[in-house]
Structure formats: structure tokens, C-alpha cells
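S.K.: When you get a sec, could you build the whole thing from the sequences and use the hints?
2 protein chains.
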Amino acid sequence: MAGVKNNRRVQYTKQVIKQSFLKILEEKDISKVSVKEICELADVNRGTFYLHYQDSNDLFNQIEDELIASVMPILQIEGEGFIHVWLSKLIHLLNENRTVSRIILTDYQNSRLVKNVFAEVQNMAMRDFSKDFKENDPRILNFYFVFFVQGSIGTILEWLKDDAGVSEQELTDALTKVLERISILGLKHV
Amino acid sequence: MAGVKNNRRVQYTKQVIKQSFLKILEEKDISKVSVKEICELADVNRGTFYLHYQDSNDLFNQIEDELIASVMPILQIEGEGFIHVWLSKLIHLLNENRTVSRIILTDYQNSRLVKNVFAEVQNMAMRDFSKDFKENDPRILNFYFVFFVQGSIGTILEWLKDDAGVSEQELTDALTKVLERISILGLKHV
DNA sequence: GGATGAAATCAACATGGTGTTGATAATTTC
DNA sequence: GAAATTATCAACACCATGTTGATTTCATCC
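Going down the list, the sequences are from chains H and E.
For the first sequence, counting from 1, position 49 maps to 49 in the working numbering; every step adds exactly one.
For the second sequence, counting from 1, position 147 maps to 147 in the working numbering; every step adds exactly one.
Careful, some of the hints might be misleading.
It does not matter which identical chain is used: a pair holds within one copy or between any two.
[Said to hold, decoys possible] Computed list of lysine-lysine pairs in DSS-like fashion (alpha-carbon distance at most 27 Å, straight line):
(1) Lys131 - Lys115
(2) Lys161 - Lys115
(3) Lys134 - Lys89
(4) Lys161 - Lys134
Simulated from the structure, these hints should not be mistaken for laboratory data.
M.R.: Okay, here's the thing in C-alpha cells:
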């Protein structure tokens with residue numbers, strides 16, 4: 001029973017495809033990247049691509065999955081001042097995967113990453129909003145939450161696109177400060 | 001000198017094309033709409049389309065231009081409690097052009113509409129942020145502003161996608177309340 | 001180190017959208 | 001009704017897609 005599935009060869013091929021894709025994405029909008037282009041840069045036959053991925057969308061989803069997998073552990077952090085720690089680690093990770101993160105956050109509407117991250121804090125946030133805004137209507141509360149989520153994502157995204165010389169630390173502090181100002185999450189100490 | 005440019009015929013053709021495009025956009029992602037499809041629904045020859053527009057992107061830009069033209073007068077409003085009036089009118093207008101607005105706000109990164117709207121308030125906001133957050137670094141201040149813009153856009157967008165039974169009035173009030181809470185724009189009375 | 005089977009290559013194909021062109025027909029306006 | 005503009009039509013070359021079948025390459029196990 002030689003000739004085993006998921007060879008080193010497969011691993012290599014997949015990795016070359018991913019790297020080539022990401023390289024192209026650094027300079028080109030994702031909607032304009034063709035499978036042909038990816039394969040040419042990766043020096044892989046186009047048929048080989050379709051052997052592993054349905055299309056370029058499928059490829060990107062797999063890349064997103066990997067990022068999600070590395071983000072999930074962060075979400076488990078708890079305890080005193082956890083929001084600051086949490087944000088700090090999240091921002092660091094996204095920054096390390098800037099190209100992918102930028103695309104994911106730009107299309108946050110359909111992002112599973114974003115859904116995962118914020119599902120984690122939604123309940124807690126809603127409870128605090130309820131107190132702070134003296135608002136009981138869950139329909140309205142939900143829009144407050146959306147404001148907070150979109151504000152955070154948008155800020156991080158903007159920073160990923162151009163940090164303007166602002167460090168991870170500075171961004172984390174600033175974001176924490178705004179969130180504190182909206183006074184959600186009962187965050188009193190940062 | 002008969003046979004004048006920009007006939008009724010031209011006007012009709014352009015309008016049919018726009019309407020068909022918007023109709024398709026209600027049910028389909030913009031990146032998947034082909035020129036062929038638009039022309040078939042509009043019952044217009046594909047060559048005719050290219051007579052008026054470079055491509056489907058160009059078509060969408062022209063539609064966005066029209067929306068921008070109708071939004072600009074709103075930005076001129078001033079005086080006591082203007083933010084509330086301002087938001088109220090803006091939200092109403094976007095809601096009346098939901099399909100276009102949704103697409104524009106989803107791609108707010110490249111949206112000229114968004115740029116126009118927020119360029120109008122940026123200076124004022126930055127000044128107030130500076131006071132409220134006791135922050136002088138313009139790099140950091142800018143990220144505060146981004147948070148506020150993205151939060152607002154994201155909230156309106158979410159509402160456009162699914163109002164959850166929330167009225168224009170309720171959304172306007174809620175948004176004003178959050179902005180007040182971040183205590184920007186010196187907004188004390190709503 | 002040779003056999004084995006998985007994976008990659010290659011060429012070819014049908015499909016479908018793109019953007020353009022040149023001749024012809026229809027329509028608007030005067 | 002004449003003149004100018006606009007729309008139609010058919011045809012074209014072009015390019016990316018996704019699939020197929022035959023063939024070669026290669027990693028792994030014994």
C-alpha cells in the first residue's frame with residue numbers, strides 16, 4: 001500500500017499555490033485574480049489547481065480557515081482587564097497576516113472570522129449596553145452592538161492598510177479607550 | 001440640424017439599462033452580474049450598452065453619482081441640533097435607494113459617497129475628539145474618527161439589510177445617542 | 001532499490017462572457 | 001420628409017473557465 005494520500009508533494013503544491021495567491025493579492029483586488037494567473041506564478045498546472053480547490057474562492061476560504069484556527073485560542077482568554085490583552089493579541093495576529101486580514105475585514109459582512117470573534121462577546125456586551133444606555137429594546141440594543149463591532153473592525157482595517165506610524169500598542173490603547181468611553185463591557189481598568 | 005444628441009430614445013435606453021441593473025442587483029452580487037445579463041433583461045443590444053458605458057463598473061459609478069448629487073444638499077444643513085436632522089435626512093435618502101446604498105456602503109472603502117459625506121464633518125470631529133479624549137496626537141485622533149465613521153456606516157448598513165422592525169426615527173435616535181455618548185461634535189441637545 | 005498507487009502534467013475541448021466593428025434599420029427632431 | 005443620431009444585428013478574436021483522458025513523475029512502503 002504505497003503511494004499514500006496527502007504526500008509531501010501535495011503539501012508542497014498546496015503551499016506554493018497559497019503563497020502565490022497571497023503574493024498576487026498584495027497588489028491586486030481579489031475579484032480580478034484568475035486561476036490561470038495563480039498557477040502560472042506557482043508554476044503548477046491548472047488541472048492540478050482544480051484537483052485541490054473548487055475555485056479561487058474555495059482557496060481563499062481555506063486560507064481564512066487557517067487564520068480562524070489561530071485566532072480561536074485568543075478568544076478563550078479571561079480575567080481582569082482581559083479586553084486589553086485580548087485586543088492586543090488579536091491585533092498582533094491580524095498584523096502578522098496582513099494581506100489575508102485586510103481582505104477578510106474588508107468583506108466583514110460575509111466573514112466567518114468576524115462572526116466567530118464577536119459572537120464570543122455579544123451577550124456580555126448586550127447586557128452592559130442595556131445598563132449604560134438605559135435601553136431595553138433588544139432590536140435597538142443590537143444596533144448599538146453593531147456600531148461597536150463595525151467601529152472596531154473599521155479602525156483595525158484602516159490601520160492594517162496604513163498604520164501611519166502607529167504601533168500595535170498605541171492602537172490597542174486607543175481602541176480600548178474608545179470602548180471604555182462607550183462604557184461597554186464594564187471595563188474600568190485598562 | 002435634426003437628430004439631436006441625447007434624444008428621448010437615449011434617455012429611455014439608459015434608464016432601462018439602469019433599472020435592469022438595479023433589479024438584478026437586488027438578488028445577485030455585483031461581481032457576478034454580466035453585461036450580457038443586463039442587456040437581456042433590458043431588451044437592449046449589447047453593442048448599445050457599450051455605446052453608453054465602458055463596463056458594468058462605469059454604469060454603477062454613474063448611478064452612485066446620482067445618489068451623491070441628491071445627498072450633497074443635506075450636508076449643507078447647519079444650526080442647533082443639526083446632527084439629528086442631518087442623520088434623519090441621510091438615513092431617509094439611503095433607505096429610499098436601498099439597493100444602491102447597500103452596495104456602496106458595503107464597499108465603503110472605495111466609496112466616493114462616504115468620502116464626501118464624512119469629509120464634511122472630519123475637521124469638526126477631530127477638534128472635539130481632541131478635547132474629549134485628551135489626545136493631541138493627530139495620528140491617534142484620526143483612528144478615533146475612523147471608529148466613529150465605520151460604526152455609523154456599519155450600523156446604517158446593517159439596518160438597510162434588515163431593519164428588524166426598527167423605524168427610521170428609532171435608528172436616527174439610537175445613532176445620535178451613541179455619537180453623543182462618545183461625546184463628539186459637542187452634541188448636547190438632541 | 002523496485003513495485004505501487006497517488007498526484008502532477010499535458011493537450012484538447014466545449015462553454016461563456018468580453019469588447020469591437022461595419023453594415024443596416026429605426027427613430028427623433030426640425 | 002430629410003438629416004442626423006441612435007439602436008440593431010451578426011460576426012469576430014480573445015481570454016478565462018472547468019473538465020477529461022492519457023501519460024509521466026514521484027513519494028512511500030516492503
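S.K.: Work down the list of hints and note, for each, if the structure agrees.
M.R.: Now for the hints, and whether the structure bears them out:
1. Lys131 - Lys115: Within. Shortest intra-copy distance 24 Å satisfies the 27 Å Cα cut-off; inter-copy 34 Å does not.
2. Lys161 - Lys115: The answer is both: 21 Å in one copy and 16 Å across copies each meet 27 Å.
3. Lys134 - Lys89: between (32 Å within a copy, 26 Å between copies)
4. Lys161 - Lys134: For Lys161 and Lys134, only the inter-copy Cα distance (26 Å) is at most 27 Å; the intra-copy one is 37 Å.
Comparing the model with each numbered hint stated earlier shows that all of them hold.
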